[in-house]
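Make the full structure from the sequences, and use the hints.
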Amino acid sequence: AQTVTQSQPEMSVQEAETVTLSCTYDTSESDYYLFWYKQPPSRQMILVIRQEAYKQQNATENRFSVNFQKAAKSFSLKISDSQLGDAAMYFCAYRSGDYGGSQGNLIFGKGTKLSVKP
Amino acid sequence: KAGVTQTPRYLIKTRGQQVTLSCSPISGHRSVSWYQQTPGQGLQFLFEYFSETQRNKGNFPGRFSGRQFSNSRSEMNVSTLELGDSALYLCASSFPRPGTSGRATGELFFGEGSRLTVL
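Line by line, the protein sequences give chains A and B.
FYI, in our numbering the residues of the first sequence are 1 to 118.
FYI, in our numbering the residues of the second sequence are 1001 to 1119.
Don't read these hints as lab results, they were simulated from the structure.
Among the hints, a few may not be true.
Unchecked claim - Beta-carbon label-pair distances, calculated as ranges:
no., chain 1, residue 1, chain 2, residue 2, range
1, A, T20, B, K1013, 35 to 43 Å
2, B, L1011, A, K70, 37 to 45 Å
3, B, A1002, A, S42, 16 to 24 Å
4, A, K55, B, N1077, 38 to 46 Å
5, B, N1059, A, S42, 23 to 31 Å
Said to hold, decoys possible - Covered by chain A, per the in silico footprint, the following chain B stretches (three or more residues, Cβ under 8 Å):
no., region
6, 1058 to 1071
7, 1074 to 1084
8, 1111 to 1118
Glycine residues also receive a C-beta, built at the ideal position from the N, C-alpha and C atoms.
This is the structure in structure tokens:
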């Protein structure tokens, strides 16, 4: 069975600084997706960034980028120029490959609570 | 475009009762998944519906059930509630990536959740 591990329950960063959140996963599959989702306090979860396993290039979305190390099964999230609005729970998630139109199910890590200090 | 809508947002039940939660996906989305979020267990997959058919089911007892209607709206039901069922229940919808024979994009759009408290 696939597992996702986030070893940092809490992290803190100074506004405008850079922070990296760690995630490791375990799978025997070759076709899969990895995600980082953000869940602000009392607000809905939103997708931050997505990586498809067959793509060598690390995904980037504005201030958010990932370091995808497939062999090491590592998928860390880097947030540059941190802003107060980045404070939230961040979840790393794994999903198996194509389900023929369905989305399958996501396996989530336990999350990392990120605080941003002004 | 309206987001994923879940009702009710908050509810309190007592042990032994049953509850039905509703989820309206984003217009055009055909996949609906349900997740249970608790402080101890984190986010756990309950089940997924696609075109009114249950496609996947997580490791939950038979007290947890769901269905999807022809308009893609979904409901989940929990019977004989237990204290441990207290949780935030999240619904998420998704749309297959256009032009790729229905391969899902992988992006889930979540609702704000239904917070269930069992006393």
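Comparing the hints with the structure gives:
1. Checked against the given bound of 35 to 43 Å, the beta carbons of T20 of chain A and K1013 of chain B, roughly 42 Å apart, stay inside it.
2. Under the hint 37 to 45 Å, the C-beta atoms of L1011 of chain B and K70 of chain A, about 43 Å apart, fit the expected range.
3. Hint check: A1002 of chain B to S42 of chain A, Cβ distance near 20 Å, so the stated range 16 to 24 Å holds.
4. Hint check: K55 of chain A to N1077 of chain B, Cβ distance near 39 Å, so the stated range 38 to 46 Å holds.
5. At roughly 28 Å, the beta-carbon separation of N1059 of chain B and S42 of chain A lies within the given 23 to 31 Å, and the hint holds.
6. With 1 residues carrying a beta carbon less than 8 Å from a beta carbon of chain A, the region 1058 to 1071 of chain B misses the three-residue requirement, and the given coverage is violated.
7. With 0 residues having a beta carbon nearer than 8 Å to a beta carbon of chain A, the region 1074 to 1084 of chain B misses the requirement of three or more and the stated coverage is violated.
8. Interface restraint, the region 1111 to 1118 of chain B with chain A: holds (3 residues with C-beta to C-beta distance below 8 Å; minimum three).
In summary, the structure is inconsistent with hints 6 and 7 from the numbered list given earlier, while agreeing with the others.
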